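Chains as they are written, first to last, in my numbering: chain A, 1 to 310; chain B, 311 to 618.
No lab work stands behind these hints: they were computed from the structure. Remember, predicted model here, so these are calculated numbers, not experimental data. Please note that the accuracy of each hint is not assured.
Far from chain B by the CB rule (all over 12 Å, computed), these chain A residues [to be verified]:
#1 9
#2 58
#3 141
#4 260
No more than 25 Å apart at the CA atoms, straight line, and that leaves these computed lysine-lysine pairs for BS3-like [what the hints assert, rightly or not]:
#5 566(B) to 302(A)
#6 388(B) to 577(B)
#7 302(A) to 610(B)
The beta carbon of each residue, even a glycine, is placed where N, CA and C say it ideally should be.
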Amino acid sequence: MRILIMGAGAMGGYYGARLVQAGHDVIFIARGAHLEALRTRGLTIVRDEEQFTLHPIQALEDPAQAAPGGPVALVLFTTKAYDLEGAAQRLAPVMGPQTVVLPLLNGVDIAERLGAVLGMAHLLAGLTYLPGNVPRPGVINQPGVEHPLRFGEPGGGHSARVAFLLETFRTARILCDVSEDIRTDLWTKFVLINSTAGACTVTRQTVGTVAGDPDTRALYQACAQETAAVARAMGIALPEDAVEKTMAYLDKVPARNKPSMLQDLERGKPLELETLNGVVMRLGAERGVPTPANRSIYAALKLHVNGRRA
Amino acid sequence: MNIAIMGAGGLGAFYGIQLARAGNAVTFIARGATLAALRTQGLRVKSELLGDLHLPQVRATDIPAQAGPAELVLLTTKAYDLESAARSLTPLVNPDTTVLPLLNGVDIAERLGAVLGPDRILGGLCRVSAAIAEPGVITQAGKFSNVVFGELSGETTPRARAVLAAFEAAGIATELSPHIRRDIWTKYLFIAAASGVCALTSSTLGPVLNDPDTRALFTGVMTEIAALAARAGITLGDSVVANSLAAAQKMPPTMKPSMLHDLEQRKSLEVEALNGTAARLGRELGVPTPINQFIYAALKHRAAGATP
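In isolation and in its complexed conformation, chain B is listed as follows (with noise of 0.2 Å):
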């Protein structure tokens, strides 16, 4: 399969490389060091899972036009640039072109449909730790590595099963799911909170989730996310919420969710595709999500990662 992956960073280089070396034709695109590196000294990545893995010759550009046409574009850039990222994308998009994101978000596929046409975009997510050591090197933390994706409408198209054997091929745990758009926002509820809260407090989960307080502020992002789906017509279930506080309570205490990584390093923040996104969803569907807004509020000035 042609595949192009847009967004060299831990996510991109972590699945690219394993669709590389099963024999798919992987063109990265990438800026800057990360493309030198990549071109110079090929793709490193280690890997809890897989171990350290090299792929030394690789097909890497700065010009998306050079890396079409792509049966399929893996997009793994963050959300802060997806507009941009999108609009780059339509030199090598052709009617045949399918596009997945795997970014965090909840209005993902939307925001690219309208950029690129909403019949290409699956939906998907995934659930990995992976980030650039430095360029060229990335490194994959914990035991999960797997992707959920699947057409949004929730039926199974040749194209999502042509997807899903090239990942199976390639041994990436993959799930085809019949109903994307209620994980995507199920995944989103428990992001925005972990992210948003830990970002909010300059705390790691553990602390979070001991202190009343902070906890109350976690599960009050769930909360109102929760009844934005509802709103939304996605049904996440009665114990969507105690479900995913369960979950976070059995993550190490030190667990630094993306955000508060990137907080850290004074990196741009994604606080607009989540916290952000709640509050605007809030306003446009009449839900009211004061905690996300006040999160997005306090985080929003930092977002571009300009002032510590």
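Same shape as in the complex, but just chain A (with noise of 0.2 Å):
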């Protein structure tokens, strides 16, 4: 099967490596160093109890380089979140009739923006909780316990391209289900991302601190209400207790976890405001549900957006 990973960072690099070790036709795109470490390194996947390197691999920079292969069966969407529409466009000269994309980055409007771009009958929706990190150009570190990368069809049900996706996925070794209902799974993930991320990255704080002090709790805990009444204003059957889960998720994180968005910022890198507080700030205008804790961390992050500033 002949699948192009769009973004190989820690999780598009790692689901595509178990994707080429099950033979399948895998092209990587990426950028700058880690692009030239990929070419010229190859891929290496540093594990708690494995570590191995796939070289050569097919790494580009830009999906039309791949064109000339013909339109690919799968697109695993793992960018960063900024340039969505962008990122779609570019994907364009590999699309066929028949590909599926399936993004598996953080949001709760992700694959309505990439459908808007490509045609939505292309799209699936999904999510997976799976940590890493890119120590250095070629490298992809994957501590800790492999949640299963979940998705199925973004209006809901059951269909035969998921049930070959899910066969081909497990024959790779990637942990994965299947959801009737993803994206009440999205939203229930959303509420608890979007909370920490703001909170910790408006504070420039750790989980630890930002749960340790009546006022950061609080917002965190603001900001998790809204995001949950947004999303049941939307009719999404959220569980009853996504908010008690969100705030016990808090003390029971590592204190040290700082969210990406945070170290985004630290970094000068630019951020996923626009995914997170923002689509909340925006969908809770919408449907009239006052969203006060999200347009304030959005307001106080948006001059970063970009990542002009550190």
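Could you fit the two chains together into a complex? Lean on the hints.
This is how it looks when you write it as structure tokens:
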């Protein structure tokens, strides 16, 4: 199967490597020093119990460079969430009538935004809790436990293409399952991700510090409550205890954890603010749900959204 | 006049050098490298308004009792160590000592009064941008350096007249105000917005005012504080928010309020005295202050100057 990994970071690189090992024709899209390393030294995966290098691999800067080989069957969309539309447009040269695009990045409107560019019929929706980082170009570090990659049809239900992909992933030793209501799963995860990213980034603090102070804890809680309220206003059947579980998460995760938006801010990189607190603010405004905490976080961080300041 | 200056930073040094050159007996209470520099090299002020000034012989001590008894204590510390500063002053105040605080905050006089007795406290504020360049050397920027002060009761008293006379004799543009509480609230409203939002966003004033979302935070801070003032019985006027916003828009876009400056230098932040106080007063007075509470929560963990 011909597969394109749009964004060969910690997540895309790892899943791509598994698919290469299973014998698929995998094209990795990357940039800069990481791309150069993938081309010259291959892709190295470091896990607790194993380490392996795939070399040579197909690593390209632009999907258009893969167009001579024909359309791909699957795009795993694993870039950062800024410039989603621009990234989607770059996929056009490798899209065929049957191409399936599975985005795995955090957010509740990712499939819709990609679908608006590529055609909604191509889109699945998915999420994963795969921790990891790129300690140096060409190397992907995957510590900790692997959680299942969960995916499904964006509108719910089951389909033959979902069943086929499930089989493909399982054969490639990717832990995964199928959801018949992926929107609810996405929103449930999003309540947590959005609150953690917003509260930690605006305060520049770790999860532990945010959890341990009543004022920052209240900010996190307000973020979660607003996000849940927006979800319910949109008809998402969020679990009753979504906010409680989100609060409990604060005390469960390692205190030193820093969400990726805070790490991006500290490194002067662009922020995924528009797909996090920004989207809650916008959807809330559309549905008449007040979102003051998300709005304030959005305003506090928006001057940094393009990463021009550290 | 015997004057003790508590806090020989930018403000204290700037006004202190003028009062000393006018013949007042001025003692600076300072610590560490600043104290050593004042004793060995004197005090230097590089001022856009006054040019370069040098006071070669400076009376400076780190023991407040040695600065007294003072007729006037000018309090120019940062607001975060106000209570400890006030406690350290008790040895040099006597029944006739007047204390004039010039630092940012809306409840400064009340907090000082709780430690030193309310009767000796005047209300005051200043509009000057002055900072330590190096120990013993301060720089003053801009065209403003005026002091506004008055009795909290609004009366014109002999001691207030005496302070006015001393400041005017030193060439300091000074106003004895019959409504100093209102003046303090008006300045506080502006500073809490400018310092709070610029520190929150790590941005100078211009970009904050240009963006509709950050400008909404800016006006939100002011609107909440105007409501607090009204509930506290202080009338700031209907147009105080619009006027303050207009004043901000006339300032240079590169302006860095002091809390942003402190944040960048990883110094302690006055967020407790600014947005933290608005949040606390909001709870006490039953006035919603969500934006001040948000800014306070966002900055409080960096207030100690510990984290980058």
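Evaluation of the provided hints:
With a least CB separation of 25 Å from chain B, residue 9(A) remains clear of the 12 Å interface cut-off, as annotated. Even its closest Cβ contact with chain B, about 40 Å, leaves residue 58(A) beyond 12 Å, as expected for a residue assigned away from the interface. Every C-beta of chain B lies more than 12 Å from that of residue 141(A), the closest at about 24 Å, which supports listing it as non-interface. Here residue 260(A) stays apart from chain B, with its beta-carbon at least about 18 Å from theirs, past the 12 Å limit.
Only pairs whose Cα atoms come within 25 Å are accepted, and residue 566(B) paired with residue 302(A) is accepted, the gap being roughly 18 Å. With a C-alpha separation of about 11 Å, the suggested pairing of residue 388(B) with residue 577(B) holds against the 25 Å cut-off. Between the alpha carbons of residue 302(A) and residue 610(B) the distance comes to roughly 20 Å, so the proposed pair stays at or under 25 Å and holds.
Hint compliance for this structure: every hint is met.
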